[in-house]
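Peer 1: Listed below, chain by chain, are the residues.
2 protein chains.
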Amino acid sequence: MKSTGRNDSVVLLSGGLDSSTVLGIALSQGHSPLALSFSYGQRHSRELESAASIAKHYGVKQVTVSVDLGKVGGSSLTDGDVPVEHRKIEDITDRIPSSYVPARNSVFLSIAFGLAESSGSSTVFIGANSLDYSGYPDCRQEYFNAMEESLNLGTHRNGGAKIRIMAPLIKLTKDEIIRKGLSIGVPYKLTWSCYEGGSKACGKCDSCLLRLRGFMLADSRDPLEYSSLPDFYRSYLTRGK
Amino acid sequence: MKSTGRNDSVVLLSGGLDSSTVLGIALSQGHSPLALSFSYGQRHSRELESAASIAKHYGVKQVTVSVDLGKVGGSSLTDGDVPVEHRKIEDITDRIPSSYVPARNSVFLSIAFGLAESSGSSTVFIGANSLDYSGYPDCRQEYFNAMEESLNLGTHRNGGAKIRIMAPLIKLTKDEIIRKGLSIGVPYKLTWSCYEGGSKACGKCDSCLLRLRGFMLADSRDPLEYSSLPDFYRSYLTRGK
Chain A
1 MKSTGRNDSV VLLSGGLDSS TVLGIALSQG HSPLALSFSY GQRHSRELES AASIAKHYGV
61 KQVTVSVDLG KVGGSSLTDG DVPVEHRKIE DITDRIPSSY VPARNSVFLS IAFGLAESSG
121 SSTVFIGANS LDYSGYPDCR QEYFNAMEES LNLGTHRNGG AKIRIMAPLI KLTKDEIIRK
181 GLSIGVPYKL TWSCYEGGSK ACGKCDSCLL RLRGFMLADS RDPLEYSSLP DFYRSYLTRG
241 K
Chain B
1 MKSTGRNDSV VLLSGGLDSS TVLGIALSQG HSPLALSFSY GQRHSRELES AASIAKHYGV
61 KQVTVSVDLG KVGGSSLTDG DVPVEHRKIE DITDRIPSSY VPARNSVFLS IAFGLAESSG
121 SSTVFIGANS LDYSGYPDCR QEYFNAMEES LNLGTHRNGG AKIRIMAPLI KLTKDEIIRK
181 GLSIGVPYKL TWSCYEGGSK ACGKCDSCLL RLRGFMLADS RDPLEYSSLP DFYRSYLTRG
241 K
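As you go down the protein sequences, you meet chains A and B in turn.
Its first residue numbered 1, the first sequence is counted upward by one per residue in my numbering.
Its first residue numbered 1, the second sequence is counted upward by one per residue in my numbering.
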């Protein structure tokens, strides 16, 4: 399932669990994807290192584009002044989290369309899901449909077929995503979800909590190392013994 | 008309004639704009220097965001392998010119929306016009309407007013833009339109030809220095004597 020769799609690859699963899905469907990653002023480069490892694992070509979203401000992922929140899993509701980066997906999709246009690709895959990230307005199917429409109006494939935006995880919960990924051999050990950098995931930020709950509900053990584990996951591991 | 305190709008400012006119128009309408410029892998930095001069002239705050569109490829403005075309003014028709950058306006508008969202601005101004640039799919009103709709779906001003995209030059010819700009004192001497860098504009690329024809049709002399002038403009200057 190695990507060879001409590409037919662009997969947005952050190095996280979701986008890595989408890359696995695209390959399992017979696509020849190009992986597109962004250096956008994240707090740490760990995620990008994971993206490179995943692309290498699958033998797909990776393009990394720098875009200075730090200048856009307002988010804990790029703005040093906004601290990463530590909440309990039950407090992660659908309000807008502080990790929201204004217009991030719009920027990423726009660049992905540019790359799709210049590479002759007809599909852009994105790992958004509307359930765990219901607080992000740019993770809804309605938004993707509208972006697909408008971005096609802005490209000059007028004579050709439209470029499609595919969000295969959009209606899946984290545990459903993990079950799917495990069934097609996605190397979750290489992925990175934690909002913090470091050699081990923190086990405390929203992203770590959602990931660990996902593995628990998928009845599987997360292969990643954590510097601390939340009680619910610790209980799960104990129950499993 | 200096911008003071809180901003209510974002003006995309390339440093060219069109966007500089739009900044002048926004200020003349009483807006308090923030100027947004992009370092996107242009062949030269002359345009960005002009953008800074224009922002300084008007006393507006400028944010410059780096985005590596060179990686997206396929354009003479960012890709060293594609030469700048030199055509006669009558050959500049509505086919897609080689200076087209895939998805450029989509990327710029997405980032502008992010900045509008984080700065509480309600309007994004863009200097696109559909007549001189009819070959660019991302300069049409239909495209801007669709982008406005989809980008608003992707921001979290759900409770608040929509962010509007305003393209005040969209139906104007270059000479109409210049007449408008001259009437409100836009400092065209500080602007830069040439696709090439250098201390003087080339007077040969599409952008120089359209600009010079615009000044001629507006019956005005371009205050910018050129290293060579096309015959039609030379004749105009001679006739004016």
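Honestly, I wouldn't trust all of these hints.
Copies of the same chain look alike in the list, so a pair counts if it works inside one copy or between any two.
[Stated by the list, open to error] Quick list of in silico lysine-lysine cross-link-like pairs, BS3-like style, CA-CA up to 27 Å:
#, residue 1, residue 2
1, K189, K171
2, K88, K189
3, K61, K88
4, K56, K88
Since the hints were made in silico from the structure, they are not lab data.
Peer 1: Name the hints, by number, that the structure is in violation of.
Peer 2: Per hint list: 3, 4 violated.
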